[in-house]
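Q: Each chain, letter by letter, is given below.
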Amino acid sequence: MDFNDTKDEAKFRDEVSSWLSANADKKEHAKDIYRPAEMSGESESGESSALKDAKAWQAKKYDAGWACLHWPKDYGGRDAAPMERVIWGQEESKFKVPGGFFEIGQGMAGPVLMLYATEEQKKRYLPPMAKGEEIWCQLFSEPGAGSDLAGIKTKAELDGDTWTINGQKVWTSGAHYSDYGIIVTRSDFSAPKHKGLTYFFLDMKSPGVEVRPIKQITGGANFNEVYFTDVKIPDSQRLGEVGDGWKVSLTTLMNERLAVGDASGVDFQEIFELAKDQDFNGDTAISNGAVREKLADWYCEQSGLKYTKMRNISALSQGSTPGPEASITKIVSANKLQDIANYGMDLMDNASIARDEETAIFQGSLLGAPLIRIAGGTDEVLKNIIAEQVLGMPQDIRVDKNVPFNEIPTGSKN
Amino acid sequence: MNFNFTEDQLLMKEEVKKLLDKENSVKRNRNILEGEEKFDKELWNQLVQMGLTATTIPEEYGGIGMGFLELCVIAEELGRGIAPVPFSSSVYLATTAILNSSNEDVKKEFLPKLASGESIGTFAHSEKTTFPSESGISVAAKSGKISGKKVAVPDGDIANFALVSATSGKNKIGLYLVDLSADGVEIDSLETFDPSRSHADVSFKNTPAQELSADAWEDIEKLLDQSAVLFAFEQVGGAEAAMNQAKDYAMGRYAFGRAIASFQAIKHKVADMYISLQLARSNCYYGAWALSNDAPELPTAAATARVSATKAFYECSKENIQTHGGMGATWEFDCHLFYRRARLLSSNIGSQGIWKDKLITSLEKSNSPT
Chain Z
1 MDFNDTKDEA KFRDEVSSWL SANADKKEHA KDIYRPAEMS GESESGESSA
51 LKDAKAWQAK KYDAGWACLH WPKDYGGRDA APMERVIWGQ EESKFKVPGG
101 FFEIGQGMAG PVLMLYATEE QKKRYLPPMA KGEEIWCQLF SEPGAGSDLA
151 GIKTKAELDG DTWTINGQKV WTSGAHYSDY GIIVTRSDFS APKHKGLTYF
201 FLDMKSPGVE VRPIKQITGG ANFNEVYFTD VKIPDSQRLG EVGDGWKVSL
251 TTLMNERLAV GDASGVDFQE IFELAKDQDF NGDTAISNGA VREKLADWYC
301 EQSGLKYTKM RNISALSQGS TPGPEASITK IVSANKLQDI ANYGMDLMDN
351 ASIARDEETA IFQGSLLGAP LIRIAGGTDE VLKNIIAEQV LGMPQDIRVD
401 KNVPFNEIPT GSKN
Chain V
1 MNFNFTEDQL LMKEEVKKLL DKENSVKRNR NILEGEEKFD KELWNQLVQM
51 GLTATTIPEE YGGIGMGFLE LCVIAEELGR GIAPVPFSSS VYLATTAILN
101 SSNEDVKKEF LPKLASGESI GTFAHSEKTT FPSESGISVA AKSGKISGKK
151 VAVPDGDIAN FALVSATSGK NKIGLYLVDL SADGVEIDSL ETFDPSRSHA
201 DVSFKNTPAQ ELSADAWEDI EKLLDQSAVL FAFEQVGGAE AAMNQAKDYA
251 MGRYAFGRAI ASFQAIKHKV ADMYISLQLA RSNCYYGAWA LSNDAPELPT
301 AAATARVSAT KAFYECSKEN IQTHGGMGAT WEFDCHLFYR RARLLSSNIG
351 SQGIWKDKLI TSLEKSNSPT
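Note that the protein sequences, when read in sequence, are chains Z and V. Going left to right, the first sequence walks through residues 1 to 414 as my numbering numbers them. Going left to right, the second sequence walks through residues 1 to 370 as my numbering numbers them.
If you're looking for bench data, these hints aren't it; they were derived computationally from the structure. Hints should not be assumed to be uniformly reliable.
[As the list claims (entries may be wrong)] Going by beta-carbon spacing under 7 Å, a handful of chain Z positions derived as facing chain V:
#	residue
1	MET1
2	THR308
3	LEU316
4	SER320
5	ALA387
6	ASP396
Predicted, not measured: the structure shown is a model, and the values here were computed from it. For every residue, glycine included, the Cβ atom is placed at its ideal position computed from N, Cα and C.
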């Protein structure tokens with residue numbers, strides 16, 4: 001029961017730490033994070049500044065052999081072990097560096113290409129992906145199909161060696177700055193829904209692709225609708241067999257769940273600090289028993305998540321497969337974020353109404369939390385997964401499993 | 001890093017689990033709950049024979065010379081089997097208190113007997129309705145004699161001796177060792193919420209008492225932190241047993257033409273149990289680390305483990321009943337055995353309100369970023 005590095009781990013950590021110290025600025029404290037030159041939340045100009053910085057940092061890492069560590073050397077990585085990847089992440093988080101644009105590509109598209117693309121394609125697309133030169137998005141959800149991914153209906157029709165795509169995707173994060181995308185489509189409407197899907201990757205600059213930003217409740221527009229009007233994709237960009245798109249999609253989803261981590265925003269530390277400063281009925285909030293109880297509950301959740309992560313890392317360090325415990329992370333983290341943000345604003349009372357330096361992080365967290373509870377697997381779907389895949393409970397009855405797709409009820413709309 | 005128990009420790013855990021399964025610990029719990037016996041002597045002897053009471057006692061005092069990590073895995077299995085034995089009183093509390101003390105004579109006299117199971121000890125601390133604060137102790141020790149009343153002493157009517165907190169006449173709280181068969185001791189067995197674990201009010205009237213320490217409040221706080229981690233492992237074991245019972249029942253119970261386990265409401269209920277259980281388990285592991293390393297983080301780690309394990313056991317035991325439907329609320333089904341034990345372990349060394357407050361206090365004191 002210890003937190004010590006093995007000799008090899010310590011050596012690797014030193015190597016990582018030295019390189020980072022020589023190439024980036026260390027954070028002075030936990031909240032001393034990187035900020036782009038133009039700070040404007042999610043507005044276009046703020047983002048391009050952040051994107052520029054992120055690409056530069058990614059390229060620097062790539063050139064020194066520190067990008068996508070666990071990828072094969074041939075594709076831009078260094079064949080690193082899972083534990084080395086963890087150590088890199090731990091060390092990098094101590095530095096003021098940009099990020100946030102490459103997760104979908106490197107976390108989802110990359111692994112899928114490695115499994116299903118040709119060698120030539122892997123050599124063409126993986127290195128620029130690792131270097132941050134090319135950015136990828138994931139075109140999965142549609143207005144009529146989110147949790148029920150197999151219910152998608154963007155159409156793919158084959159003529160000779162070329163597929164023509166017509167339809168619409170939604171919630172596509174980063175589509176507005178992406179170069180490529182992975183997409184699942186329906187190639188057979190008369191087959192049962194899971195059997196008529198085909199998966200591709202495409203150039204986002206193809207004629208007929210139209211990206212329209214969607215404004216979120218946070219005020220930003222980080223995701224989009226993407227319309228496809230007679231978009232052409234060569235058959236050579238198909239990943240997996242025709243009609244086998246569901247299998248390829250499952251691989252992508254599995255990697256998505258690994259990539260999604262803790263919700264960011266207010267956590268125990270912020271509400272603890274607030275309670276110490278905030279006045280409550282003539283004394284500090286933290287002197288109030290009711291406040292202390294709530295704080296204790298959140299501390300236990302935060303601590304539980306932290307040590308659940310440690311149990312996983314420990315398994316990797318010992319060379320074994322982590323257990324399924326991490327499946328609880330997003331559910332607990334996103335709900336805690338929402339509740340802490342809400343409670344913090346309760347404590348601030350009237351002062352919580354105006355948007356200013358004090359309230360910004362609480363307001364931002366309260367507006368951001370709802371989407372985190374929904375994206376990357378809703379709370380409800382994740383609980384189904386815990387019950388079914390972790391605990392072995394049976395699936396619910398599916399009324400559409402073996403029905404031809406074009407006979408499945410879809411409600412009054414669509 | 002290895003944030004897990006070693007292979008040897010996990011093997012030991014397996015052995016204890018096997019024994020408790022073979023002896024049908026849950027059925028024995030019911031027998032004690034329903035019957036007149038105060039604890040299961042046969043099961044206790046089996047645990048003693050396995051050497052479990054000797055776990056943390058050094059070899060020089062007749063023990064096995066292992067440590068708290070081994071005790072954690074043992075505790076988890078005792079919790080899973082809701083064992084009806086005085087193990088926690090004698091081992092987590094009495095043995096640890098004596099090990100913590102610097103009194104060589106007491107150690108030489110009592111540790112071998114605790115190791116061999118010949119002697120059963122306990123810790124008598126509570127006096128009124130809430131768990132005592134430093135100013136809430138009125139049992140008094142003076143010139144080698146102790147007087148006053150302790151309430152709801154765990155295994156008070158089973159133990160041979162007790163460690164008793166009492167004022168030491170210098171505006172301080174001391175810790176005293178009292179032979180429970182001595183003069184002036186009156187023991188009143190109580191009817192309790194969880195009859196599988198015996199409790200008694202214990203009164204002293206000028207009873208001979210050996211002073212272990214005249215200024216023991218900090219030692220007492222530490223003892224409570226140490227035992228909190230061990231009890232938390234019991235709570236996690238019990239919570240997991242309850243969750244698995246709920247799942248297994250739901251898999252076999254049919255309604256509306258299918259297993260109720262296939263209904264989302266039931267699946268989500270069990271998923272919620274799983275979530276609280278994993279959070280508690282992870283916090284327990286940190287508690288185990290802090291306990292076995294005698295880390296300065298122990299007060300925070302212990303409180304975190306206890307608060308989250310208490311929450312998990314409550315949630316899992318009550319929703320286990322719910323998942324069983326009507327049968328879950330019958331005497332005949334085992335669900336209520338876990339529900340009762342969950343409640344006992346919630347109050348025995350201080351309830352949620354106290355430990356949540358302790359947790360925040362420990363964070364205020366440490367003043368370092370979490």
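Q: Take the hints in turn and mark each one as holding or not.
A: Each hint tested on the structure:
1. MET1: 5 Å, holds
2. THR308: 4 Å, holds
3. LEU316: 9 Å, violated
4. SER320: 9 Å, violated
5. ALA387: At 4 Å from the nearest chain V Cβ, ALA387(Z) passes the 7 Å test, so the hint holds.
6. ASP396: Hint on ASP396(Z): holds, closest Cβ of chain V at ~6 Å, below 7 Å.
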